[in-house]
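A.B. asks: One-letter residues, chain by chain:
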Amino acid sequence: MNLAIALWLSQDAVTNGAIYALIALALVVVFTVTRVIFVPQGEFISYAALSLATLQSGKVPGTIYVLIGGGIIVAVLDGLAALRRRSLKSLPESTLLNIALPLAIAAAARWSASRPDDLLLQVVVTIAIVMPLGPMLYRLAFQPLANASVLVLLVIAVAAHYVLTGLGLVFFGGEGLRARMFPALQFQVGVLTISGQSIGVIVTALVLIVLLALVFGRTTYGKALRATAINRVGARLVGISSEFSGRLSFALAALIGAVSGILVAPITTIYYDTGFMISLKGFVGAIIGGMTSYPLAALGSLAVGFLESYSSFWASAFKESIVFTLIIPVLLWRSLATRRSEEEDDS
Amino acid sequence: MMRRALVLAALALLAAAPLVLPQFQVTLLNYIGLASIVTLGLVLLTGIGGLISFGQAAFVGVGAYATAVLTTKVGMSPWLTLPAGLAVTLVVSLFLGFITLRLSGHYLPLGTIAWGIAIYFVFGNLDFLGKYSGLAGIPPLTVLGWRLGDERAFYYLIWAITLLALLVTRNLLDSRNGRAIRALRNRGMMAENFGVDTARLKIIIFVYAALLAAVSGWLYAHLLRFVSPQPFGINDSIDYQFMAVIGGATELWGAVIGAALLTLLKAWLRDLLPRLMEQSGNFEIIVFGLLVIVMLHRTRDGLVPYFARLIPTPAQRLPKKVPPLPPRTQPKRDESLLQLKGVSKSFGALAAVKSLSFDMRSGEILGLIGPNGAGKSTVFNLMTGVLAADAGEICFRGKRVDNLPGRDIARCGLARTYQHVHLVPSMSVLDNAAIGAHLRGREGVLSASLRLDRAEEARLRQEAACRLDWVGLGAHLFEAAGTLPLGSQRMVEIARALCADPLLLLLDEPAAGLRYLEKQTLAKLLFSLRERGVSILLVEHDMEFVMGLVDRIVVMNFGEKLAEGSPREIQSSPEVIEAYLGSVE
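Chains A and B, in that order, give the protein sequences.
Take the first sequence: its letter number 18 is residue 21 in the working numbering, and every next letter is one higher.
Take the second sequence: its letter number 97 is residue 101 in the working numbering, and every next letter is one higher.
Do not rely on the hints blindly, as some may be mistaken.
Claimed, not checked - If you want a taste of the chain B side facing chain A, the calculated C-beta under 8 Å gives, among others:
1. 122
2. 208
3. 245
Just so you know, these hints were derived from the structure itself, not from any lab.
We treat Cβ as the ideally placed atom computed from N, Cα and C, and that holds for glycine.
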């Protein structure tokens with residue numbers, strides 16, 4: 004290995020690490036607020052990347068049907084619940100949010116598909132398609148079981164992952180897609196060629212992390228989420244609806260997933276199931292950070308990026324093995340470092 | 005009666021199945037049996053013990069590869085490779101258990117995913133394991149010269165082992181250690197306080213689940229006579245968890261029901277959907293996921309607990325009289341029993357206990373009182389090893405105990421109750437109380453699995469029943485503890501502590517939530533205990549109750565000792581009155 008290769012691997016590591024950091028962030032938010040180990044996070048990445056690539060090829064992505072279909076089911080369930088309560092007050096809002104909004108987004112997607120060179124529009128439409136899927140997923144799969152044990156929630160999460168991956172295969176097929184590069188800038192720093200794409204990824208990740216820190220630190224909604232994360236019952240007692248917190252955290256996760264997907268789409272070819280591996284590594288980063296600390300989760304994700312990048316150079320057959328085995332000592336250290344508090348009455 | 009009839013009917017159906025069903029369905033039943041064995045381990049490990057594992061398929065692989073290598077490369081007999089495979093699994097699972105079971109909370113599932121994936125890649129990348137193309141030519145099993153070459157013959161072996169595993173696991177849970185295992189999930193601290201080595205038990209159930217998985221792998225290898233890494237990956241581990249959760253992770257039968265349901269569902273979807281949709285493959289996973297979600301929404305505890313409610317539970321009886329457990333010799337009256345010397349504990353900036361010292365003599369009832377937040381429960385937690393003191397010493401009968409783990413302190417003769425009730429709600433009142441007698445039994449996991457522990461078990465249960473009778477719960481022995489009213493649950497806690505036959509009984513607000521008559525019964529009970537030489541340290545808010553009962557009182561306020569003396573002295577102490585009622589300046 005010479006310096007050029009080392010630098011090149013490092014650039015790769017930092018770029019991937021930034022993506023993992025974003026995912027780690029989303030997983031931490033979802034886990035602390037809802038206790039869901041959010042396996043389907045990866046599908047948001049795949050959906051966003053594939054939607055972007057499809058829009059660029061001038062077609063309307065199939066994810067729009069997932070959005071419309073999901074919206075209809077939510078609206079029907081809300082309607083049935085309203086009938087049972089004998090109060091139809093919430094119906095107009097639900098209809099607007101779950102039927103009218105997806106249709107509007109579908110219209111926007113159609114328009115965007117007719118303008119394959121308008122990158123900004125594509126990005127906006129992609130986020131608009133993927134982000135509402137988060138709260139919908141929470142409403143359909145998790146909300147009815149919000150008080151179940153972590154294990155049951157985890158099994159639901161895996162089942163939801165199956166459903167979304169299957170739908171991804173139906174709508175995008177088994178072929179991988181790759182989006183066009185963002186503005187193809189390239190810098191030459193010594194022996195290293197830095198691509199504009201890498202810089203874009205890192206800058207976006209940093210901006211998003213800072214934004215999230217501001218949201219959690221300064222805004223009422225962010226504080227509500229933190230309150231729910233620290234003490235669900237207490238938060239409910241002061242009037243923070245845990246359903247609302249759940250949907251909000253899933254919306255954030257979907258947003259982060261969508262942005263990550265848009266960022267990776269031009270770097271590698273994305274298949275309908277690529278997101279899962281990416282999110283698994285983000286999860287590793289989150290775990291290294293102890294699932295609670297955002298900056299540590301980001302650092303942990305960077306570490307995963309480096310580990311993966313260098314091990315793929317030295318022993319590519321064992322790449323995944325190495326990444327997942329080397330976690331064990333880290334886990335052990337984390338587990339011993341955090342004084343165990345009795346998790347009595349946890350489930 | 006009805007349960008027995010159901011079991012017999014199920015057994016008859018199982019026995020008849022291969023004689024009437026077509027080949028394809030016998031194959032399915034074989035796979036259901038294989039999956040049931042693995043899932044059974046998960047029910048014990050995850051559903052009952054609360055330890056989530058996503059690596060069971062890797063252990064199935066260890067069992068399968070062990071026999072594959074030893075029969076094809078070494079030429080060993082399959083019946084010798086079973087113990088060999090189990091030995092390998094034992095070593096691997098002990099190692100993995102030691103490094104991953106110390107992980108708490110959400111670290112554990114990820115740790116198991118990590119080594120699950122790692123083992124899978126090891127299978128796929130090692131030359132002598134045939135890499136990804138696997139090992140072929142594994143010999144079939146022979147039983148007494150009879151070659152189990154076809155599916156139907158193998159069927160009986162698989163299901164005999166499945167039923168045996170069910171039986172052994174049931175025996176294990178219905179024992180001294182079984183009760184402790186059922187307390188692991190949410191009541192680990194309580195179990196430690198009654199002398200259970202929870203870390204050791206966790207390793208035991210982890211290894212047990214791994215061994216079951218390895219047996220399934222051994223059967224699998226000889227059924228298919230070919231192994232490759234493919235069925236031992238993370239997806240299969242996840243499937244086993246699905247089976248456990250859907251069947252009902254708290255019930256042993258849930259393993260079989262879950263395995264059957266998932267195996268059939270998958271086979272059915274694979275078969276039916278392509279015909280309906282005319283497109284191949286990809287719909288099954290969507291429908292499968294949706295069905296799992298809907299099923300769990302309807303029956304969140306799984307199918308077996310959902311339906312088990314409909315079948316009446318058989319009436320339970322205690323066995324006939326057995327000789328009682330030998331009691332401890334209580335120390336002579338008025339010996340030095342307990343000494344606290346300058347004990348301190350802070351939580352961050354909050355000093356919960358500040359340099360607290362007091363002594364207690366044997367045969368005494370000492371009241372520890374003080375306003376809310378004075379640090380009384382923290383003192384209890386320091387004395388029983390739940391918390392570690394920052395400074396100071398706690399000695400029990402001259403032996404320093406503040407640096408010991410809770411289970412060793414229990415061994416010295418301390419037993420406690422909790423301010424917030426710490427029972428295992430789904431377990432019977434009798435079993436809950438019997439946890440208290442854990443240290444008075446000896447029988448281990450192995451003898452329990454083989455039902456060799458019955459004599460001792462009968463004595464432990466009789467002890468529990470006797471203590472429960474004493475606290476007035478003799479009529480509720482077989483009810484689930486969680487269904488009792490709070491006051492009665494407190495009495496179960498006291499009975500459990502009494503089962504430990506303690507020298508010093510620590511009661512944390514025992515009278516809270518009791519009605520007047522119940523309080524009187526409790527007071528009478530405590531007096532009779534003192535007659536027998538048991539010393540009692542009591543935290544209580546009900547002043548009338550305390551003043552009528554105790555010999556001496558220590559008053560705490562803001563973590564410090566405010567006063568000490570007889571009830572009469574305390575009642576007239578101006579500092580105490582000020583702490584409770586505020587000053588009159």
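A.B. asks: Would you pick out the hints that fail for this structure and give their numbers low to high?
C.D. replies: 2
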